[in-house]
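K.L.:
In the order they appear, the protein sequences are chains A and B.
Just so you know, my numbering puts 45 at position 45 of the first sequence, and the rest follows in order with no gaps.
Adding 355 to a residue's 1-based position in the second sequence gives its number in my numbering.
The hints are simulated quantities; they were obtained by calculation from the structure and are not laboratory data.
None of the values given here were measured: they were computed from a predicted structure.
Think of the CB as a built atom: it goes at the ideal place given N, C-alpha and C, for glycine as much as any other residue.
Among the hints, erroneous ones may be present.
[Unchecked claim] Derived DEER-like restraints, expressed as beta-carbon distance ranges: (1) B:ALA419 <-> A:LYS108: 36 to 42 Å; (2) A:ALA62 <-> B:ALA419: 42 to 48 Å; (3) B:ALA376 <-> A:GLY325: 48 to 54 Å.
[As the list claims (entries may be wrong)] For lysine to aspartate or glutamate, the following DMTMM-like pairs were computed, each having C-alpha atoms within a straight-line distance of at most 20 Å: (4) B:LYS430 <-> B:GLU388; (5) A:LYS335 <-> B:GLU465; (6) A:LYS294 <-> A:GLU336; (7) A:LYS337 <-> B:GLU439; (8) B:LYS366 <-> B:GLU439; (9) B:LYS418 <-> A:GLU19.
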Amino acid sequence: MAPFAGYDMPISYPTGSVEEHNICRRSVGLFDIDHMGQVEVSGPGADAFVSGLVSAPVLDMADNDARYSLLLSEEGTVLDDLFIYRLPGKWWIVVNASNRHADVAWMKSRAPASGVAIDDLSDAVYMIAVQGPNACRLMDLASGGKVSPMTRFTSAELALALGGRSVKALVGRTGYTGEDGVELFFPAEDAHAVWQGLLDLAAAHGIEAGPIGLGARDSLRFEAGMPLHGHEISPSINPVEAGFKWACDFSKDFVGKAAVEAVAASGPARKLVGLEVTGGVPREGYVVLGPDGKETGACVAGMFCPSVGKYAANAFVRPEHAKAGTVLKVLIRDKEKDAVVVKRPLYVPVYRRQA
Amino acid sequence: MKLDANARYRKSHEWVRKDGAQYVVGISDHAQESLGDIVFVELPAVGKAFKQGDAFAVVESVKAASDVYLPMSGKIVAVNDALEGAPDLINREPYSGGWLVKFEASNPAEWDGLLEPSAYEAEASKE
Chain A
1 MAPFAGYDMP
11 ISYPTGSVEE
21 HNICRRSVGL
31 FDIDHMGQVE
41 VSGPGADAFV
51 SGLVSAPVLD
61 MADNDARYSL
71 LLSEEGTVLD
81 DLFIYRLPGK
91 WWIVVNASNR
101 HADVAWMKSR
111 APASGVAIDD
121 LSDAVYMIAV
131 QGPNACRLMD
141 LASGGKVSPM
151 TRFTSAELAL
161 ALGGRSVKAL
171 VGRTGYTGED
181 GVELFFPAED
191 AHAVWQGLLD
201 LAAAHGIEAG
211 PIGLGARDSL
221 RFEAGMPLHG
231 HEISPSINPV
241 EAGFKWACDF
251 SKDFVGKAAV
261 EAVAASGPAR
271 KLVGLEVTGG
281 VPREGYVVLG
291 PDGKETGACV
301 AGMFCPSVGK
311 YAANAFVRPE
321 HAKAGTVLKV
331 LIRDKEKDAV
341 VVKRPLYVPV
351 YRRQA
Chain B
356 MKLDANARYR
366 KSHEWVRKDG
376 AQYVVGISDH
386 AQESLGDIVF
396 VELPAVGKAF
406 KQGDAFAVVE
416 SVKAASDVYL
426 PMSGKIVAVN
436 DALEGAPDLI
446 NREPYSGGWL
456 VKFEASNPAE
466 WDGLLEPSAY
476 EAEASKE
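Starting from the given sequences, assemble the full structure and let the hints guide the process.
P.N.:
Structure, rendered in structure tokens:
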């Protein structure tokens, strides 16, 4: 167990991180992610407020759509990344645990004097993710077949029959693993019924399912090319550097837009790349050397990637070293290890595998 | 925790066992369990000499990199190449398939100063 943003979180369950990773890729992983925060924004001014607050387009979203976005500072750096759900009459914004209080304070500081209500519902709401190739089948068993017909990046209010109860949950066809699946939001008092209920339901139907700790959560998201705030994105990183221009809608106004446009116009001073490393495990903070032997950047995350069987890092390097195939070095315990720039993601998320 | 009755131990969680005229070294079951899944092992070159307590290898788990210390002074005569493709051997078989190196002792008397299994178990359970 490890302390994380005020929560006591398991790095791994007795299963072990690598096997937990593999269970999620193979069948179903359950993620106890109550630490994530949920903020509801409502009121007559909510649409305009949310649109101006976040980088992604939101006004084109239909009710129940879900979308990834960034929350930027005026300087155009990444305060947090968000999943935004447009629900009938309100916005449901999922924030990172460690940024929750700062995000809410930031939202309130930007809100107009009237017409917008911002409510931090994190303590009353529990969040569990169910991810993997059999996740929707399992959720169909709990919901009377209502999850498989949902399209990705939409949500629905469903009654889940779990643990002998009917639990009313907001079900998002979203996730952070590269697998198909859902994220569930429901009253905190139903947490045990949902968690144990899902495990029991899976066992009863011969579906392999297991709990996933923070270690495997990190390797699953890393392989799938998803950022972790504080690593690939942070308050000192611009979305252009991290390759998140796609999450910015320059046809609207949003906080930080001018700063992001300026970086996009002049070109970023560094770029996020994926590195495959031989002869050691790259980790956060390790220095990256360019072909000239001089420091070109540093790793922001790195690990063993179970699904591709490789050691890999994400690193910020000078733009001239960012092209796929560029041969670099990573300093691991003062020894230079071979590293090559590779295309991200290492593991193509299931829903991106189009013909 | 599992122990090898024929091995001696260090507080830093290495075990060493007599292997004919040589010695074989690994990390304890308690150590592998605390580290979690081992994903990489860096082993020394054969022929390299170390003093007792020198860091001679690095074991990397999902969580972190950890130095491994040679329980006795000696010269490396063999390394476990199987760990390159299967570092998780250390998790699965810490006292057999997961051995790290074999060495020739330059001061065999150091053996007597190492912890017997029961003494090591008492030390490790304090953690």
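K.L.:
Each hint needs a verdict: does it hold in this structure or not?
P.N.:
Here's how the hints hold up against the structure:
1. B:ALA419 <-> A:LYS108: 36 to 42 Å: 39 Å, holds
2. A:ALA62 <-> B:ALA419: 42 to 48 Å: Roughly 46 Å apart at Cβ, these two residues keep to the hinted range, so it holds.
3. B:ALA376 <-> A:GLY325: 48 to 54 Å: Roughly 50 Å apart at Cβ, these two residues keep to the hinted range, so it holds.
4. B:LYS430 <-> B:GLU388: 28 Å, violated
5. A:LYS335 <-> B:GLU465: 31 Å, violated
6. A:LYS294 <-> A:GLU336: 12 Å, holds
7. A:LYS337 <-> B:GLU439: The given pair, whose Cα atoms are some 16 Å apart, holds under the 20 Å limit.
8. B:LYS366 <-> B:GLU439: 26 Å, violated
9. B:LYS418 <-> A:GLU19: Roughly 15 Å between the alpha carbons, so the hint for LYS418 (chain B) and GLU19 (chain A) holds.
The structure fails to meet hints 4, 5 and 8 from the earlier list, while all remaining hints are met.
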